[in-house]
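> Using the sequences and the hints, build the whole thing.
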Amino acid sequence: MATPGEWLRANLGVLIASIAIVCLAAIALVVVFVFRVQNVSVEGNVHYTSEEIEAMVLTDRLSYNSLYLSLKYRNKEIRDIPFIETMSVRVDSPDSITIRVYEKSVAGYVEYMGRYMYFDRDGIVVESSETRTEGIPQVTGIRFDHVVLYEALPVKNTDIFQEILSITQMLSKHQITTDKIYFNESNEITLYFDNIRAKLGKDNLEEKVMRLEQILPNLSGESGVLDLQNYSEDRKNVTFQKDG
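Heads up: the sequence shown is residues 1 to 244, going by the numbering used here.
There's no promise every hint is true.
To be verified - Cross-link-like lysine-lysine pairs, in silico, BS3-like; alpha carbons within 25 Å at most:
1. Lys202 - Lys236
2. Lys202 - Lys242
3. Lys199 - Lys104
4. Lys156 - Lys236
5. Lys202 - Lys156
6. Lys199 - Lys156
7. Lys199 - Lys236
8. Lys199 - Lys180
9. Lys180 - Lys156
10. Lys202 - Lys180
11. Lys242 - Lys199
I should point out that these hints are in silico values taken from the structure, not numbers from a laboratory.
Structure follows, in structure tokens:
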């Protein structure tokens with residue numbers, strides 16, 4: 001009969017292997033259950049919903065492991081997503097992550113060859129899409145003969161982009177969303193809101209937008225032309241001509 005010492009020497013390899021297997025199993029359980037992502041915070045997103053952003057990052061079962069995410073996105077950002085400059089992933093705790101979204105600055109879009117061409121504040125075309133994005137106005141009345149992605153729209157008057165930026169910032173400040181911004185040959189502005197066309201002209205735009213904010217709720221369901229071209233602090237001239 002083998003002594004305890006002899007038995008231990010004979011089975012030492014098996015014991016070490018068994019202990020190693022148990023330790024590895026314990027570590028695996030910790031990695032699977034303790035580091036499982038259950039809370040996701042999304043910051044900076046406007047174009048996409050938080051659920052859509054989450055789906056872009058958590059693409060498979062392995063992605064729900066915060067330890068895996070911390071290794072995958074360490075010193076690395078997510079790129080090549082339409083309308084997004086970059087996205088970063090931060091692990092806050094074993095079960096919580098934060099996705100930070102840095103969206104491209106989009107001022108408006110033009111239609112070209114059946115596609116929606118989105119441009120930034122400098123007129124640079126930053127995205128081409130077959131679908132229209134809510135909340136971004138169409139810009140019409142500007143003339144161009146071609147469009148190249150990541151290049152400026154080839155318009156004669158490049159100052160038009162500063163005017164677009166100014167009017168969109170004014171509208172955003174007063175929480176007004178327009179469907180379309182139209183510029184005529186004199187660069188006078190008309191804004192479209194469903195069936196309402198608001199003629200602003202090109203002067204005293206800040207005062208006109210402030211007045212527009214007050215008037216629009218009263219025109220819900222109406223169809224016609226709201227003329228604010230001659231409106232100013234001194235002249236309170238506003239008319240509305242119904243269609244038909």
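> Determine for every hint whether it applies to the structure shown.
Hint check results:
1. Lys202 - Lys236: Status holds; Cα separation ~16 Å.
2. Lys202 - Lys242: Holds - the C-alpha atoms of Lys242 and Lys202 are around 23 Å apart, at most 25 Å.
3. Lys199 - Lys104: violated (29 Å)
4. Lys156 - Lys236: This hinted pair is violated, its Cα atoms lying about 34 Å apart.
5. Lys202 - Lys156: holds (18 Å)
6. Lys199 - Lys156: holds (23 Å)
7. Lys199 - Lys236: holds (15 Å)
8. Lys199 - Lys180: holds (12 Å)
9. Lys180 - Lys156: holds (21 Å)
10. Lys202 - Lys180: holds (16 Å)
11. Lys242 - Lys199: holds (14 Å)
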